[in-house]
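Enquirer: Chains as they are written, first to last, in the numbering used here: chain W, 1 to 339; chain G, 1 to 339; chain Z, 1 to 339; chain B, 1 to 339.
Warning: the hint list may mix true and false statements.
Calculated from the model, a selection of chain G residues having no Cβ within reach of chain W, i.e. all distances over 12 Å [as the list claims (entries may be wrong)]:
#1 G27
#2 G49
#3 T100
#4 A139
#5 R154
#6 W181
#7 L183
#8 E186
#9 H204
#10 V266
#11 A277
#12 G292
#13 E294
#14 T296
#15 F334
One-sided and incomplete, this derived list gives chain G residues near chain B with beta-carbon spacing under 10 Å [claimed, not checked]:
#16 A129
#17 Y131
#18 P159
#19 A252
#20 M328
These are calculated hints, taken from the structure and not from any lab test.
Backbone N, C-alpha and C fix where the C-beta goes; we use that ideal spot for every residue, glycine too.
Protein chains: 4
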Amino acid sequence: MTVRVGVIGAGMIGQDHIRRLTDVVTGAAVTAVTDIDQARAAEVAATVGAVALPSGAELIASPEVDAVLVTSWGPTHAEHVLSAIAAGKPVFCEKPLATTAEDCLRIVDAERALGRRLVQVGFMRRFDAGYRQMKEVIAAGSLGTPLIVHCAHRNPTVPDSYTSAMAAQDTAVHEIDVLRWLLDDEIVSAQVITPRATGMRFEHLKDPQLMYFETANGVRIELEVFVNCQYGYDIQCETVGEKGLVRLPDPAAVGVRTAGAHGTAVPQDWKGRFADAFDTEFREWINGIAAGAEPTGPSAWDGYAATVITDAAVRSLESDSQVVTVDMKPRPAFYGGTA
Amino acid sequence: MTVRVGVIGAGMIGQDHIRRLTDVVTGAAVTAVTDIDQARAAEVAATVGAVALPSGAELIASPEVDAVLVTSWGPTHAEHVLSAIAAGKPVFCEKPLATTAEDCLRIVDAERALGRRLVQVGFMRRFDAGYRQMKEVIAAGSLGTPLIVHCAHRNPTVPDSYTSAMAAQDTAVHEIDVLRWLLDDEIVSAQVITPRATGMRFEHLKDPQLMYFETANGVRIELEVFVNCQYGYDIQCETVGEKGLVRLPDPAAVGVRTAGAHGTAVPQDWKGRFADAFDTEFREWINGIAAGAEPTGPSAWDGYAATVITDAAVRSLESDSQVVTVDMKPRPAFYGGTA
Amino acid sequence: MTVRVGVIGAGMIGQDHIRRLTDVVTGAAVTAVTDIDQARAAEVAATVGAVALPSGAELIASPEVDAVLVTSWGPTHAEHVLSAIAAGKPVFCEKPLATTAEDCLRIVDAERALGRRLVQVGFMRRFDAGYRQMKEVIAAGSLGTPLIVHCAHRNPTVPDSYTSAMAAQDTAVHEIDVLRWLLDDEIVSAQVITPRATGMRFEHLKDPQLMYFETANGVRIELEVFVNCQYGYDIQCETVGEKGLVRLPDPAAVGVRTAGAHGTAVPQDWKGRFADAFDTEFREWINGIAAGAEPTGPSAWDGYAATVITDAAVRSLESDSQVVTVDMKPRPAFYGGTA
Amino acid sequence: MTVRVGVIGAGMIGQDHIRRLTDVVTGAAVTAVTDIDQARAAEVAATVGAVALPSGAELIASPEVDAVLVTSWGPTHAEHVLSAIAAGKPVFCEKPLATTAEDCLRIVDAERALGRRLVQVGFMRRFDAGYRQMKEVIAAGSLGTPLIVHCAHRNPTVPDSYTSAMAAQDTAVHEIDVLRWLLDDEIVSAQVITPRATGMRFEHLKDPQLMYFETANGVRIELEVFVNCQYGYDIQCETVGEKGLVRLPDPAAVGVRTAGAHGTAVPQDWKGRFADAFDTEFREWINGIAAGAEPTGPSAWDGYAATVITDAAVRSLESDSQVVTVDMKPRPAFYGGTA
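Same shape as in the complex, but just chain W:
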């Protein structure tokens, strides 16, 4: 009855998901762990009574593993996901699905060849209660056709290792995925503008960035990415339709009046802001596997789409803010398309 999960990659995010699968989500058990650092794998495995295995390949092959969670270094994702598909095992891969469009397509092709969805990509916003309410409102149609989406994605600070391209690859990629799903539409072009940069950052980093995306249906998406905004982790999203708009709520927090002001706290990191979304994401993934169903979360195709759209955004950033057409294959019927 219990879904036995093997985890490839025991770093911070891997450990957090192991905790989630162990302490938060019912019906799951982490039975195997591997990591490039074998000592770390052993140490983490021991905390949950799992075995440490020497490689992803052995973990995927293990009869004690029903499903695979890939939280290793991005460039290794494709190899592990392809192995899991080859083994016919469900695989949850943290973003990115793969670091190149080519590798994403190899995964897509492998899954299509198998004829059954096994892959889910770790975009958690589709599981956030606010975005789900927003999708319901849009789908209900009372606001008419969506025309514009205004978004902001702000972090208090990022480390020195964060590069300008990561604003698209690591940060905006969450909006890219959730808006494709929210609008049930495809992004066809990207542009990145760099306004005056904040002085409270590293010299090498262009921050904030303003990103613009156009969809196949002509919706315009405006996204502010500002990863050193200092004041908090703040996610805003407003969809404007022909007859009205719908806006993501701020997280509920007590209001305090004192010393001349009414104030509410702003979250300080994504872990707190999206904790419930992460829990729901894994709960639904595990429940689906337990029920023998194919995953309903972000697919390999969504992972591919996110990669080619972020590629377009990075090309725009690196080519003086040109509008860059997204280089995306036609969507196969297997993934709900017409190709």
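Position chains G, Z and B relative to chain W; hints supplied.
Expert: For chains G, Z and B alone, coordinates are given in the frame of chain W:
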């Protein structure tokens, strides 16, 4: 065309109203000023080109005065208002109309004998945009019959001279008037409770106080009066009906996100909070006089009612929080009643 | 490792908690179920692979049961809780702990005699994120000493079987428990006032009711209970201290602008409003048992206190709104008191 | 003492300002009116006891006119403003100052030649309380240097006569002026994007439009103009700085909870939304004239700047969304510049 106003009492509030009649309200001119301190009267009169007169009686009698504004010390109100009625001149009297119920009744009787409304009492909340919206919502009926009203009236601090009885007489009196008008109902009993007192006050003062009023129709009003709340001047009012509720808005103010919080400023005094209400109050008063109409603001009867209701509240405060029945005469037909 | 829970009472609330212990909370399994309706017990047990047992006594005695959950009819609570204490097993009892103060005291005495806390009472609000934030703010001290609490507890409608006394016993009891905890203070008197009743209710029911509680420290609690407010399930709480106030947030919900208004949905039932609180309540209860720790949630003493305070409120309701002193024993040292 | 105003143009906006100068603003009187429709001029003049004059030239020359208000058809503005400057009389000109950059420059040159500011242009947002609070917050510096401004300007509907170019010329021009003032910065380029158009409009109209402006200091302004949004008149503005953001409030309005939702009304037109701003605009203009001071509101230079910036926006709209550099002369020292 211009309404020529004579002002009795040139203290702080008198000066503020003189400024309003001169600089804010069109169609009015302050032509005469008197004050117990004749030097002050002369000084204030000079700033607006008015004459200083030696007494209220002479001011009321002056042919240069079309209408009278009484902003003198409370115990002198009745005498001046009665004189104005005797002279057949419109008179705006700052609260209280008179300091005793008997004096209020003498004014009521004089006005009834005259057969024409000349008196308006200075309760400005009826002119506040928020309360007016609330009254419209209630009157429209979509919330059903009102059942309960929750209110709070908070000041940052009060001076040492403020007494426990003033919580009803000076502070709650604003809610007493505006709620009688809002509900179109009469208050029939009052009770005052003193919970744990704030330590940030003068020893002699019971603060906060919780006041409860019942209306003829059975509506229950809960009012928190807290005049040393430290954080700001904060007016709250929520009317609960059979099918929903309506709540007074906080004043519009920019929202600021910085240093981990989203904040908006809370007003610090009643002058700012009700500046627009004061302006509207005097604009409508002057326009009515210019049009030869009787005043539509709080009447002499409303001034009487406020006095007997605050009397009941003070008796409750001084009698160990007994529920005290308001000792009010039947409302004459002249003031919209049935007596 | 798994905590095996036996459930006494397989009605609606019992089934909901069984689902929670099975699908939401890790580390727990429902292994036995009993109900006065044995067919229902068998049916419910089958859905989670538990055994159906003929009586609470046998369930409590079962070696397959580590901990007991009592969700049966209120009058049977005391018997089952006492049996669980006698068996030395942790027991979670839905409110009320017992229907009489005497039975509550028997439980308190039994637990004290045992010398170890086994009982937790099902007041879920202490586990709500908003109340927990509020408690943190109060405890941090920046608002000074609490002086007043304003609360509202509104339901859209209740069935015909709901009586006027249930406004205290079933509805206000949640505020009674959470405010004792929030303020870390004891309630010493209660008064219930019945303003004009809504016309949108059963003739026999006094609704709304206004309840007033005083604490040992002199804090005044005002609580509106309105169980046929029509518009939604709405929980409000504002604590006013010497230097400011803190207010419970409304649940986060998307804002929608259309047709001339900005709107957000109001929850329609307590299940949705407090779903996360229920999950946290059981998660912490199970984790505590798994760790061998005594429960930290509402204790048998809290269950006793809630009962004697609601008793006082009902006596006030039935005695023409007299202020009724709570008839509570001194709090034993075992429960953090001094007796 | 009274400032005698002559009004050129007695259409809807002219009549509204005549009402304002007569009924709302103290110290002013409308003494003369002219209009291309002489019957209308006579009729409007009669309502306020003014004389109707046959032409703007005669009105400006009249010894009964101290100051001139130009509310005639846009293409006639320049002529009247130049005549007023020639006559040495203060002139308030509704937007636009002139319909071409050349005419604006003629006015600028005439005023510089005179060496004294006489011209104020009717951009009322600088007088709105919310924008003024926002400017104070920005100027105080606690949010750091401004980097990005997000704005929306939405109208419920526009008439058939509204053209795509008017989105910049008539609608966005308000943001253009107020943001130059708010940021104390100059706009140097403009771009207009047309996303999917609403189906709820005239076929000829591109609506909504997304406009982007860059300032000399590198601030990026994003402005959504949507003049058939159906739901209301909605003005949003958020300025993001290095350490936080400040957001314009929605107008204060009562909150209503009924039928499952919490709602507040959205204004339906600009007259209501900016009524106080219009009043303040004229009050300050009249007070300045009465005091013999030069106007402090939007200057002829600001009128010129607004015109060349809207020209750039229209060129972008008409050239397939090219980024268009604003063709602005260097700012003369007379207007606070360095040229």
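Enquirer: Against each hint, give a clear statement of whether it holds in the structure.
Expert: Hint-by-hint comparison with the structure:
Against chain W, the non-interface label of G27 of chain G holds: every CB pair exceeds 12 Å, the least being about 37 Å. Every Cβ of chain W is farther than 12 Å from the Cβ of G49 of chain G; the closest lies at roughly 39 Å, confirming the non-interface assignment. The Cβ of T100 of chain G lies farther than 12 Å from every Cβ of chain W, with a closest approach of about 38 Å, so its non-interface assignment holds. No Cβ of chain W approaches the Cβ of A139 of chain G within 12 Å, the least distance being about 28 Å, so the stated non-interface status holds.
Some Cβ of chain W comes within 12 Å of the Cβ of R154 of chain G; the nearest lies about 9 Å off, and the non-interface call is violated. Listed as a non-interface residue, W181 of chain G keeps its Cβ farther than 12 Å from every Cβ of chain W; the least gap is roughly 27 Å. Its beta-carbon lying about 27 Å from the closest one in chain W, L183 of chain G satisfies the requirement of being farther than 12 Å from that chain. With a cut of 12 Å on Cβ distances, E186 of chain G stays outside the contact zone with chain W, its closest approach being about 33 Å.
Distance to chain W confirms H204 of chain G as a non-interface residue, since its nearest Cβ pair spans about 26 Å, more than 12 Å. A Cβ of chain W approaches the Cβ of V266 of chain G within 12 Å, the least distance being about 6 Å, so the stated non-interface status is violated. Consistency note on A277 of chain G: stated as away from chain W, and its beta-carbon is indeed over 12 Å from all of that chain's, at 21 Å minimum. Distance check for G292 of chain G against chain W: the nearest CB is about 46 Å away, which clears 12 Å, and the non-interface claim stands.
The Cβ of E294 of chain G sits about 41 Å from the closest Cβ of chain W, beyond the 12 Å cut-off, so the non-interface label holds. Against chain W, the non-interface label of T296 of chain G holds: every CB pair exceeds 12 Å, the least being about 35 Å. Non-interface call for F334 of chain G relative to chain W: holds, since the shortest CB-CB distance, roughly 44 Å, exceeds 12 Å. Restraint check, A129 of chain G versus chain B: the minimum CB separation of about 7 Å is within 10 Å; hint holds.
Against a cut-off of 10 Å between C-beta atoms, the interface hint on Y131 of chain G holds, since the closest Cβ of chain B lies about 9 Å away. This hint is violated: P159 of chain G has a C-beta 29 Å from the nearest C-beta of chain B, more than the 10 Å allowed. Look at A252 of chain G: its Cβ gets to within about 4 Å of chain B, closer than 10 Å, so that hint holds up. With its C-beta approaching chain B no nearer than about 30 Å, M328 of chain G sits outside the 10 Å limit, and its interface hint is violated.
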